[in-house]
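Protein chains in written order, with numbering that gives the first Met the number 0: chain A, 0 to 262; chain B, 0 to 622.
A hint or two may mislead.
[Claimed, not checked] Derived pair list, reagent style SDA-like, types lysine to any residue, alpha-carbon separation capped at 20 Å: (1) A:Lys237 x A:Gly182; (2) A:Lys134 x B:Asp451; (3) B:Lys495 x B:Gln463; (4) A:Lys134 x B:Ile410; (5) B:Lys467 x A:Arg244; (6) A:Lys237 x B:Lys467; (7) A:Lys134 x B:Arg452; (8) A:Lys116 x B:Trp439; (9) A:Lys134 x B:Trp439; (10) A:Lys134 x B:Pro437; (11) A:Lys116 x B:Leu423; (12) A:Lys134 x B:Glu454; (13) A:Lys134 x B:Leu422; (14) A:Lys134 x B:Leu423; (15) A:Lys116 x B:Pro437; (16) A:Lys134 x B:Leu453; (17) A:Lys116 x B:Leu404; (18) A:Lys134 x B:Gln463.
Hints are computed from structural coordinates only; laboratory data are not their basis.
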Amino acid sequence: MNTTGSPSESRSLLPSDKGEARLASPATSARPPTGARVLVIDDEPEIWRAVRAGLISAGFTAEWASTAAEGIDLSARWHPDVLILDLSLPDQDGLDVCRQVRTWSQVPIIVLSVRGKDEDKVTALELGADDYLTKPFSMAELLARIRVALRHAAYPSTRGDQARFETGGLVIDFERRQVTVEGRDVHLTPTEYDLLKYLAHNAGKVLTHRAILQAIWGPAYEQETSYLRVFFNQLRRKIEPDPSRPRYLLTELGIGYRLRETE
Amino acid sequence: MARHLFTSPPPPDNTPEDQPGAPRNKQAIHRVSLVRAAPPPRRHRLTSARLLFPELHLPWWSGYVAAVLGVALASGAIGLINQQVHLANISLLYLLVVLWLSTAFGRGPALLASVLAFLAYDFFFIPPIYRFTVDDPTEWVSLGVLLVTSLVIGQLTALVQKRAREARESQRQTATLYGLAQLIASATDQQSLQEALVQRILEVFAPLGVEACALWLPDSSKHPHIQATAATGSLSQAAFTLEEREQVGQARWVLAHGTPVGWTLTVNEASTTRRYTLSHLPLRCQSGVIGVLELVGTPESRRLVPQLALFGGEQQHTGKKASESDSSSRLLAACCDQVALALERATLQRQAINAEALRQSNHLKDALLGSVTHELRTPLASIEAAASSLLSPGVTWSSAEGHELLESITISARRLNRLVSNLLDLSRLEAGVAAPQPDWQYIGEVVSVVLDRLELTGQLQRHQMEMKLPEDLPLVPMDHEQMEQVFTNLLENALKYSPAGSIIRVEARVIGPPAELEVRISDQGIGIPASELKAIFDKFYRVQSARLPWARMRAPVGTGLGLAICANIIHAHGGRIWAESQEGKGSTFIFTLPIPDGGPQSDSALPTSTERAAPQTPEVITP
Numbered sequence: 000m001n002t003t004g005s006p007s008e009s010r011s012l013l014p015s016d017k018g019e020a021r022l023a024s025p026a027t028s029a030r031p032p033t034g035a036r037v038l039v040i041d042d043e044p045e046i047w048r049a050v051r052a053g054l055i056s057a058g059f060t061a062e063w064a065s066t067a068a069e070g071i072d073l074s075a076r077w078h079p080d081v082l083i084l085d086l087s088l089p090d091q092d093g094l095d096v097c098r099q100v101r102t103w104s105q106v107p108i109i110v111l112s113v114r115g116k117d118e119d120k121v122t123a124l125e126l127g128a129d130d131y132l133t134k135p136f137s138m139a140e141l142l143a144r145i146r147v148a149l150r151h152a153a154y155p156s157t158r159g160d161q162a163r164f165e166t167g168g169l170v171i172d173f174e175r176r177q178v179t180v181e182g183r184d185v186h187l188t189p190t191e192y193d194l195l196k197y198l199a200h201n202a203g204k205v206l207t208h209r210a211i212l213q214a215i216w217g218p219a220y221e222q223e224t225s226y227l228r229v230f231f232n233q234l235r236r237k238i239e240p241d242p243s244r245p246r247y248l249l250t251e252l253g254i255g256y257r258l259r260e261t262e
Numbered sequence: 000m001a002r003h004l005f006t007s008p009p010p011p012d013n014t015p016e017d018q019p020g021a022p023r024n025k026q027a028i029h030r031v032s033l034v035r036a037a038p039p040p041r042r043h044r045l046t047s048a049r050l051l052f053p054e055l056h057l058p059w060w061s062g063y064v065a066a067v068l069g070v071a072l073a074s075g076a077i078g079l080i081n082q083q084v085h086l087a088n089i090s091l092l093y094l095l096v097v098l099w100l101s102t103a104f105g106r107g108p109a110l111l112a113s114v115l116a117f118l119a120y121d122f123f124f125i126p127p128i129y130r131f132t133v134d135d136p137t138e139w140v141s142l143g144v145l146l147v148t149s150l151v152i153g154q155l156t157a158l159v160q161k162r163a164r165e166a167r168e169s170q171r172q173t174a175t176l177y178g179l180a181q182l183i184a185s186a187t188d189q190q191s192l193q194e195a196l197v198q199r200i201l202e203v204f205a206p207l208g209v210e211a212c213a214l215w216l217p218d219s220s221k222h223p224h225i226q227a228t229a230a231t232g233s234l235s236q237a238a239f240t241l242e243e244r245e246q247v248g249q250a251r252w253v254l255a256h257g258t259p260v261g262w263t264l265t266v267n268e269a270s271t272t273r274r275y276t277l278s279h280l281p282l283r284c285q286s287g288v289i290g291v292l293e294l295v296g297t298p299e300s301r302r303l304v305p306q307l308a309l310f311g312g313e314q315q316h317t318g319k320k321a322s323e324s325d326s327s328s329r330l331l332a333a334c335c336d337q338v339a340l341a342l343e344r345a346t347l348q349r350q351a352i353n354a355e356a357l358r359q360s361n362h363l364k365d366a367l368l369g370s371v372t373h374e375l376r377t378p379l380a381s382i383e384a385a386a387s388s389l390l391s392p393g394v395t396w397s398s399a400e401g402h403e404l405l406e407s408i409t410i411s412a413r414r415l416n417r418l419v420s421n422l423l424d425l426s427r428l429e430a431g432v433a434a435p436q437p438d439w440q441y442i443g444e445v446v447s448v449v450l451d452r453l454e455l456t457g458q459l460q461r462h463q464m465e466m467k468l469p470e471d472l473p474l475v476p477m478d479h480e481q482m483e484q485v486f487t488n489l490l491e492n493a494l495k496y497s498p499a500g501s502i503i504r505v506e507a508r509v510i511g512p513p514a515e516l517e518v519r520i521s522d523q524g525i526g527i528p529a530s531e532l533k534a535i536f537d538k539f540y541r542v543q544s545a546r547l548p549w550a551r552m553r554a555p556v557g558t559g560l561g562l563a564i565c566a567n568i569i570h571a572h573g574g575r576i577w578a579e580s581q582e583g584k585g586s587t588f589i590f591t592l593p594i595p596d597g598g599p600q601s602d603s604a605l606p607t608s609t610e611r612a613a614p615q616t617p618e619v620i621t622p
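One chain only, chain A, in its complex shape:
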């Protein structure tokens, strides 16, 4: 999957036989989060009621689909900017929805899942979902994730061009390959630097163990999760002020890692 596609590009991939399918103007794709369209695919009406109220008060436009079929249909016709997808749907597996939507759209997908379904979350992320939330979740958390997803979708390609990444006291200067924490230079091995750079380019996003291993070490190493933990432990000792309470390199237990993004 290629994440460089902007929302406008993804829309151009829509089936042209749909009445509403049309090329979106660059202006709309670059619009600020406020007013962004959020499609919630969840079969539970009460969840929808609560989420809708939260979304509208945060300035989003919201729409609801209670089945997978309806959800796929609406994501094709209504052009949502973010998809909130419950993995347990009455008619189809949520993972199938994820898979189908990804065949023609790069719309950010946030999956909702219950505790104990780590494999589903990992699968969803590997199928191209952008983030996940474990039920029950707080509205504030959901809104924060939506904003991150929208930001990623709005400025996807510019990130790679940025000369500098900054979060909290952690600064990465890509041009000089230099990393500083609270103004102090940190010496990283080339692999550590590559890993941090990869995380920085995907800041705020959950990266599965496999995705990280594949991107940095190649497909042959994608099962070496334990060694990845050792590696992260070393990296944390170098860049975290308190490695036992990481501020930058966040653990998603059973899933992967995420680099904290400046809010």
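Following the hints, put chain B in place on chain A, whose structure we already have.
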């Protein structure tokens, strides 16, 4: 099918005489190969003790031969003595012979000896010698007295002897049955009971030609399976694999019909042909036939089961005295009854245990329901109250009031969530469906995730956290989700039972050998009384809230499930968990997790990026 059950090694061969000519291990047997551990023990050793008191194994005519020989010997002796001195009552020597014969061989030989003695004394020693006539009428008297006395002595002694034998027999039976009863009483589990029973039966009946013994029990579909076997050294347990299908068929037939069956099997060994009798006997109890006892032995062993319908072999008379066979077969029948009773009792016991377990689990469910109902209702009630207050028409809430109501809803919902996940965890753990799925993890990653979440929900605000995790802690296999639950429960506990502003400390270190990760979570709460340190890990146990100083204002919430879940999880990981406490100063919860060898200790398995080209663009994340 039963082959794999023969796991116990055959007992050591204790026969002193080894037949040197007997080849081992490679005997051609018709149809089935049989591994013989050692030649059979000789059962017919003639010792002096046997001659004096032959119990079972001399042929029936040996007594009569002994009678003839004895009388001849006595006659010879009398003749010799008569040459030296003349003794009037020398005929008493015959009485000694009769006495011995009646003791050793019973009534028949004694009777024969009496008559022979009478005739021999008349013929050889009473004038006219070498004739059966008597000259002196007084000699008639001594002859008559000899005959009558010897007849009476013979009969009386034989009777006493028979009584004594019966007494010995019944003592043996009693001892055997008592031994069985003791075995049954002392057996700790079903399998060892069954093994002990067949071993004991084999020991008792080995002198009667039984060489192996097995217990067949039906499974739920009434198909018999061998549950326990025993064999003497002479015949390895492979005997039960002889004609396996037929054996199963026989066992099934006996189970269905309740009558014993047997058959003989001819086994061609290298030099000799041996015949075995395989008998299947029903084990009957009130509820019917509950099992089958199989005896494998020499053809003579068949007499143990007089009512046996024998297939596959010709009838054969062994000439044993009926009474001896009777007593042995009665003993076998009594043993079968005992075994059947023991098996039935074990079955009933198992049912009773199951019923008790069911009762206890019902009791648990009741307790759970009681405890949980309260815990579920309380937050629900506050949610309901707060929400309906907010919704009530005509009331305008100030923003502070509204906020407070909403906060109460949020806190109650969180409480409900925690309770429900604890309940789910416990039921999954107890049902055994939540076996840990360990993966090599850093304990620090788990702790920080839990702390982040507690922070997010505002639970850490009133306490100070202190982390003491050495940087070189190894990876330890654990189920991260379950360990997350352990830390959540322990930390929430510490937060709940210690005053605001106090320090909660999380420490970890490696101890051993054997290498273990030790994690300590300490608070500065009021502590736990020493008497309750163990009980707190029991389900539903709560430290008496009257002891908590702030209990008057607000009783800490909880179901008493959290620590039980922790203990369950830690034990499932092969670790230990316990608590230490100083009342008034605080409590420490400690748990350990085993660290097996071979964990990834460094990232050496991953190449450096110089060995592999680093990704040029970050956007290569392919699903």
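Structure-based check of each hint:
Among the hinted pairs, A:Lys237 with A:Gly182 is consistent with the structure: their alpha-carbon atoms are about 13 Å apart, no more than 20 Å. For a cut-off of 20 Å, the pair hint linking A:Lys134 to B:Asp451 stands: about 17 Å separates their Cα positions. Proposed proximity of B:Lys495 and B:Gln463 is supported: the alpha carbons are some 13 Å apart, at most 20 Å. Straight-line distance between C-alpha atoms of A:Lys134 and B:Ile410 comes to about 16 Å, which keeps the hinted pair within the 20 Å bound.
The suggested pairing of B:Lys467 with A:Arg244 holds, with an alpha-carbon distance near 11 Å, which does not exceed 20 Å. Straight-line distance between C-alpha atoms of A:Lys237 and B:Lys467 comes to about 18 Å, which keeps the hinted pair within the 20 Å bound. Taken as a hint, the A:Lys134 and B:Arg452 pair is honoured in the structure, with Cα atoms around 13 Å apart against an allowance of 20 Å. A distance of roughly 19 Å separates the Cα atoms of A:Lys116 and B:Trp439; the hinted pair therefore holds under the 20 Å criterion.
Note on A:Lys134 and B:Trp439: the hinted pairing is violated, with a Cα-Cα distance of about 26 Å set against a maximum of 20 Å. Taking the CA atoms of A:Lys134 and B:Pro437, the gap is about 24 Å. The hint is violated against a cut of 20 Å. Pair hint A:Lys116 plus B:Leu423 holds up; C-alpha atoms about 14 Å apart against a cutoff of 20 Å. For a cut-off of 20 Å, the pair hint linking A:Lys134 to B:Glu454 stands: about 18 Å separates their Cα positions.
Among the hinted pairs, A:Lys134 with B:Leu422 is consistent with the structure: their alpha-carbon atoms are about 16 Å apart, no more than 20 Å. Under the criterion of a C-alpha separation no larger than 20 Å, the hint pairing A:Lys134 with B:Leu423 is consistent with the structure, at around 15 Å. Pair hint A:Lys116 plus B:Pro437 holds up; C-alpha atoms about 15 Å apart against a cutoff of 20 Å. The hinted pair formed by A:Lys134 and B:Leu453 meets the criterion: a straight-line CA distance of about 16 Å does not exceed 20 Å.
Only pairs whose Cα atoms come within 20 Å are accepted, and A:Lys116 paired with B:Leu404 is rejected, the gap being roughly 33 Å. Between the alpha carbons of A:Lys134 and B:Gln463 the distance comes to roughly 28 Å, so the proposed pair goes past 20 Å and is violated.
Checked against the numbered hints given earlier, this structure breaks hints 9, 10, 17 and 18; the rest are met.
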